Amino acid sequence: MHNFALWLAQTRISLEIQTHAWAVPTIQSVHIAAIGIVVASVFMIDLRIFGWAGNDQTLLETTRRFGPWLWGALAVLLATGALMVTGEPVRELMSLSFWLKMFMIAVGVTLAIGFQFSLRRNGASWESNKNPGTMKFLAILTLLVWCSIIILGRLIAYDHIWGRWSLNPSA
Amino acid sequence: MSAAHILESLQSSGLAERIRNSLFLFPLIESFHVVGLTLVFGTTFIMDLRLLGMASTRRPFTKVASDIVKWTWAAFALTATTGFLMFMTNATVYFHNPMFRLKMLALALSGINMLIFELTAGRKAHRWENDRAAPLAGKLAGIFSLLLWISVIFLGRWIGFTTTNSEAPDVDTKTIDDIFNK
Numbered sequence: 038m039h040n041f042a043l044w045l046a047q048t049r050i051s052l053e054i055q056t057h058a059w060a061v062p063t064i065q066s067v068h069i070a071a072i073g074i075v076v077a078s079v080f081m082i083d084l085r086i087f088g089w090a091g092n093d094q095t096l097l098e099t100t101r102r103f104g105p106w107l108w109g110a111l112a113v114l115l116a117t118g119a120l121m122v123t124g125e126p127v128r129e130l131m132s133l134s135f136w137l138k139m140f141m142i143a144v145g146v147t148l149a150i151g152f153q154f155s156l157r158r159n160g161a162s163w164e165s166n167k168n169p170g171t172m173k174f175l176a177i178l179t180l181l182v183w184c185s186i187i188i189l190g191r192l193i194a195y196d197h198i199w200g201r202w203s204l205n206p207s208a
Numbered sequence: 369m370s371a372a373h374i375l376e377s378l379q380s381s382g383l384a385e386r387i388r389n390s391l392f393l394f395p396l397i398e399s400f401h402v403v404g405l406t407l408v409f410g411t412t413f414i415m416d417l418r419l420l421g422m423a424s425t426r427r428p429f430t431k432v433a434s435d436i437v438k439w440t441w442a443a444f445a446l447t448a449t450t451g452f453l454m455f456m457t458n459a460t461v462y463f464h465n466p467m468f469r470l471k472m473l474a475l476a477l478s479g480i481n482m483l484i485f486e487l488t489a490g491r492k493a494h495r496w497e498n499d500r501a502a503p504l505a506g507k508l509a510g511i512f513s514l515l516l517w518i519s520v521i522f523l524g525r526w527i528g529f530t531t532t533n534s535e536a537p538d539v540d541t542k543t544i545d546d547i548f549n550k
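So the protein lines, in turn, are chains A and B. Every position in the first sequence, counted from 1, becomes a number in our numbering once 37 is added. Every position in the second sequence, counted from 1, becomes a number in our numbering once 368 is added.
With the rest of the complex left out, here is chain A:
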């Protein structure tokens, strides 16, 4: 992995990012704005599940309202995330927080896909709220997963906090 990171750091696009001081903060800012759209979309759907907001719309209507924004912003996150890895490969790939974050993203995306499929298939029974307990639990879990993704993302800059588990204790 370290060799791959070193190779990536020598590529043309990586060198472009490294030599422009504004590039990294700009890409990071777009990344933060996009995660804001994702987490707010998840939050609004959660509020609807709890019946705390948007009760004049069904759950299906609510997910149709926020779903496209969520997936669109995820695409932006993937693109800007790939640029950041390319621009600073050693910092990202040699960080425990980064790999924990990738794992949590897999969990978060699986939850979102599962939620959409199950809502489409069992829409009617979901609307009549037959198992609100499970749904509320999953709603909170999903929000916590996305919060952990944000926190782990910021912690990439401070990998030393993981002590001996850190992949790059000097960070």
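Source of the hints: derived by calculation from the structure; they are not laboratory data. Keep in mind the model is a prediction, meaning the values are calculated, not measured. Some hints could be false.
Below 30 angstroms or equal to it, Euclidean Cα-Cα: the simulated BS3-like pairs (lysine-lysine) are [to be verified]: (1) A/K173 - B/K431; (2) B/K438 - A/K173; (3) B/K507 - B/K438; (4) B/K492 - B/K438; (5) B/K431 - B/K492; (6) B/K431 - B/K507.
Following the hints, position chain B against chain A.
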């Protein structure tokens, strides 16, 4: 008491020292700052798009607002608190950092923008709340809000690139190993 005195006493307070001397407090506070600001930005984005007629157009504006604004303020409280804690650790440096000053200016402008909206289009919201988009004053407020909050995010990120923070504490260094007793 002068500004320099206030900054000095913030910086030398026990709380500031504690954050500075911990290896994980500053990173954690910063992480929660990001959690808060993503919620502030995301929820504000929903409101701005509603004003511009670009999303949630089938719901009355006042309904969208009453669902969202209280959460935006709650998230703002988290962001402001964590932001203040970070500021304390290195108050003099942050205070004189041009990116920090611009960020505070952008925050103040976004507050003024919100106030102007409340006094103009917001006041008569019942007249247009079912329209696809807000009247001109509302649309302008939406555009300014979007631009200002994007500037806040960008300037905030630049502060991190133009100041040194508590990444290198000098004494009493603690890591996760100390929590788990090696």
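Each hint, compared with the structure:
no.: 1; hint: A/K173 - B/K431; in the structure: 23 angstroms, holds
no.: 2; hint: B/K438 - A/K173; in the structure: 21 angstroms, holds
no.: 3; hint: B/K507 - B/K438; in the structure: 21 angstroms, holds
no.: 4; hint: B/K492 - B/K438; in the structure: 20 angstroms, holds
no.: 5; hint: B/K431 - B/K492; in the structure: 14 angstroms, holds
no.: 6; hint: B/K431 - B/K507; in the structure: 17 angstroms, holds
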